[in-house]
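Protein chains: 2
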Amino acid sequence: MKKSIIVGQSGGPTAVINGSLYGIVSEGLRHPEQIDHVYGMINGIEGFLSGHFMDIGALSATNELELIRTTPGSYLGSCRYKLPEDLNDPIYTRLFQKLKELNIGYFFYIGGNDSMDTVSKLSRFAGKTSCDIRFIGVPKTIDNDLVNTDHTPGFGSAAKYVATVVREIVTDANVYDNKQSVTIVEIMGRHAGWLAAASILARRFEGDNPVLVYLPETAFNQEAFIEKVKECLKTTPNLVICISEGINDGKGTFICEYSSSVSTDNFGHKMLTGSGKYLENLVKEKIGVKVRSIELNVCQRCSCAHLSRVDLDESVNAGVYAVLASLSGETGKMVTFVRNKSVPYELSYNTADVNIICNKEKTVPQEWIIKDGSDISDAFINYVQPLTQGYVELPTKNGIPLFAYRR
Amino acid sequence: MKKSIIVGQSGGPTAVINGSLYGIVSEGLRHPEQIDHVYGMINGIEGFLSGHFMDIGALSATNELELIRTTPGSYLGSCRYKLPEDLNDPIYTRLFQKLKELNIGYFFYIGGNDSMDTVSKLSRFAGKTSCDIRFIGVPKTIDNDLVNTDHTPGFGSAAKYVATVVREIVTDANVYDNKQSVTIVEIMGRHAGWLAAASILARRFEGDNPVLVYLPETAFNQEAFIEKVKECLKTTPNLVICISEGINDGKGTFICEYSSSVSTDNFGHKMLTGSGKYLENLVKEKIGVKVRSIELNVCQRCSCAHLSRVDLDESVNAGVYAVLASLSGETGKMVTFVRNKSVPYELSYNTADVNIICNKEKTVPQEWIIKDGSDISDAFINYVQPLTQGYVELPTKNGIPLFAYRR
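Chains as they are written, first to last, in numbering that gives the first Met the number 0: chain P, 0 to 406; chain Z, 0 to 406.
FYI, nobody ran anything at the bench for these hints, they're computed from the structure. It cannot be assumed that every hint is accurate.
Which bits of chain P does chain Z cover? Going by a derived footprint, with three or more residues having C-beta under 8 Å, they are [what the hints assert, rightly or not]: (1) 33-47; (2) 165-179; (3) 310-321; (4) 377-388.
Pair ranges (Cβ atoms, derived) [what the hints assert, rightly or not]: (5) ASP54/P / GLU345/Z: 45 to 51 Å; (6) PRO343/Z / ALA378/P: 35 to 41 Å; (7) ARG123/Z / GLU226/P: 48 to 54 Å; (8) ARG203/P / LYS127/Z: 44 to 50 Å; (9) LYS97/Z / GLU256/P: 41 to 47 Å; (10) SER59/Z / GLU226/P: 40 to 46 Å; (11) HIS190/Z / LYS289/P: 19 to 25 Å; (12) LYS289/P / ARG406/Z: 21 to 27 Å.
Covered by chain Z, per the in silico footprint, the following chain P stretches (three or more residues, Cβ under 8 Å) [claimed, not checked]: (13) 133-139; (14) 225-234.
All C-beta atoms, glycine included, are put in the ideal place defined by N, C-alpha and C.
Using the sequences and the hints, build the whole thing.
Here is the structure:
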């Protein structure tokens, strides 16, 4: 008996999360003898529980599905919803009832470690109740912090975005003949510094900007930082420094939290200043040079400006592989990336038990962090560079990139 | 007798200011019977006064000149330096002495209205002293605020950048199924709102985001703004609003200044909050919905991500035209753009007296600002759209755009 597919997206968006959606939908449609409909949950499991879904397979009749492939953000909408730990909670029975009504045989969830928690719980509930729906997770996160996979879809394009923008900021910092200036760039990453580390791809030669790069993986010492900045200004008058938003003192306090008690808005509310802004004020106070901080905004996760062809292709392939794995009987798994070699770059796809992946975080290895936590080794460059390669041509209309969107 | 060229860049950088530099250098080299060397001032007139210049024409022997064409930022470096009003100031004699030592016959300065002030003063001093050096200004500014020209080089690419990024931010804002949310995007523009106005290119249909757009050209009323936001949230639950950084109350006070008295950093310094941040706090206080503000950073003026082919070509042509105008005997002029028609778009080049251009600002016409200052008319779209067209392929290395830079 033919069964249907349902797919959802969860967590923060990336530039290529819709690539995986495209892969699942298009591969699903290639097996009409086994697959009936391809449905999409609107706003993830939370929206589906409220009855929101669509027949996304029907889009293949239009140009919309092709457009989805290169559209950043989550086409189906997202949610941040954690299913109850207790599998006896009535919500599970209700959810599986809905899945049965739609004759679902294959359930795909595209997301990060929280989303893998959803896949884990649903597959365990299915096992407990002898339900034959198959559950497969498809990784996505710009944070690159999932375990048991070489890297995650979304990271390559975000890394390329960060490296390019930092190179542009370095160009901008060199425009004026300042005696000395400091530019601090704050990059996303609360607990893992993968994305901030990618900023060193902007460096063109030894000693080039960004000269200093700080990650959450090592304890940040404010005095040592100021000494390092003073020293670097001697050889690099327009100094550019990249930091993860999550840099911390190693004792559980984020650097940005050092400032939160002093700043209030017009209405007396406490205003959270970012780590970049805090360090800007620190440099101004301790060194007295011209200083600015730049917080890279949401475009890190949703910009189509610097899509990596490798990243987009791998995201699509991850979706395709998920469908093939589920058709061959797998469930309770996440699609993983296995790097065969870096030069020339060669990747293969596999699956791993989702239960050992969910709710874990992979950080940047200590051996890749050098110079007292202020720089990144060449081994990291060899790791990240292949993931940022290749150009993606975007459809445009009137000069502006054209995106798919749900009406 | 053969004479030499000297060219400088001044004011803030743009994505295509080096296009004009490329145009001047390459056209200069095409006239070896009249032109000896092509020199570049390092950090504008200020650096030149300190003896900093280079033989930029010599770069044509390498790939560097071609690379300069697509490199954002000011290759020669910039300055913000105002020559004395008094033409009897000894600095003028000193400067002209230096120009004579280099056998300069043609002087080009690429910049905005402050830079045109420099061209005006130097050409007036030359007239007064019967010096035959010819002075030509080449316009550049993302602000698009120069008079006597249809638009300025640099504006088209910045407009395309803003429109694309706002469309990405709109995509990001729609990811979560928020009951209601407000996103405020702050765009460069202190006195003229051209760039913020370009954000409506992101709108795909009537009522689409950005629903509200505010410019410095109309007085900003905080109460009316809050009422408008409440009303718009009824039909657009995830509301995106674009504002110029320079929105003001019409009585000489910037909206961002309403907040400056309350916020202090860790060291007790007054912290200037942007207009976007101020409105974020206002919406939070008065309406209580989820709200965030995003300040578009320096990438507005230095990003190569969304170069407009039309803008880059026109920037190069402006440089070429400047050389040809000076060779034909013109001086004390700025290159201007004359739009023959919009559909199909057709432009011609001309020159105008630099004295009537410098130190003036062109703002967005009142008739293009509609709905009590909260929206922009279709007439503006017809004006701006041709300037954002076409794609520029960038040279890359290891997946990251390759930029020229002075060693």
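Consistency of the hints with the structure:
1. 33-47: holds (count 4)
2. 165-179: This one holds; 9 residues, not fewer than the three required, reach chain Z with a Cβ under 8 Å.
3. 310-321: With 0 residues in contact (Cβ-Cβ under 8 Å with chain Z), the coverage given for the stretch 310-321 of chain P is violated.
4. 377-388: holds (count 3)
5. ASP54/P / GLU345/Z: 45 to 51 Å: 47 Å, holds
6. PRO343/Z / ALA378/P: 35 to 41 Å: Taking Cβ atoms as reference, PRO343/Z and ALA378/P lie about 54 Å apart, which means the hint is violated.
7. ARG123/Z / GLU226/P: 48 to 54 Å: At roughly 51 Å between Cβ atoms, GLU226/P and ARG123/Z fall inside 48 to 54 Å, so the hint holds.
8. ARG203/P / LYS127/Z: 44 to 50 Å: 46 Å, holds
9. LYS97/Z / GLU256/P: 41 to 47 Å: 54 Å, violated
10. SER59/Z / GLU226/P: 40 to 46 Å: 45 Å, holds
11. HIS190/Z / LYS289/P: 19 to 25 Å: 24 Å, holds
12. LYS289/P / ARG406/Z: 21 to 27 Å: Roughly 23 Å apart at Cβ, these two residues keep to the hinted range, so it holds.
13. 133-139: Contact hint for the stretch 133-139 of chain P vs chain Z: violated, 0 residues under 8 Å.
14. 225-234: With 0 residues close enough to chain Z, the hint is violated.
Violated hints for the displayed structure, listed by number in ascending order: 3, 6, 9, 13 and 14.
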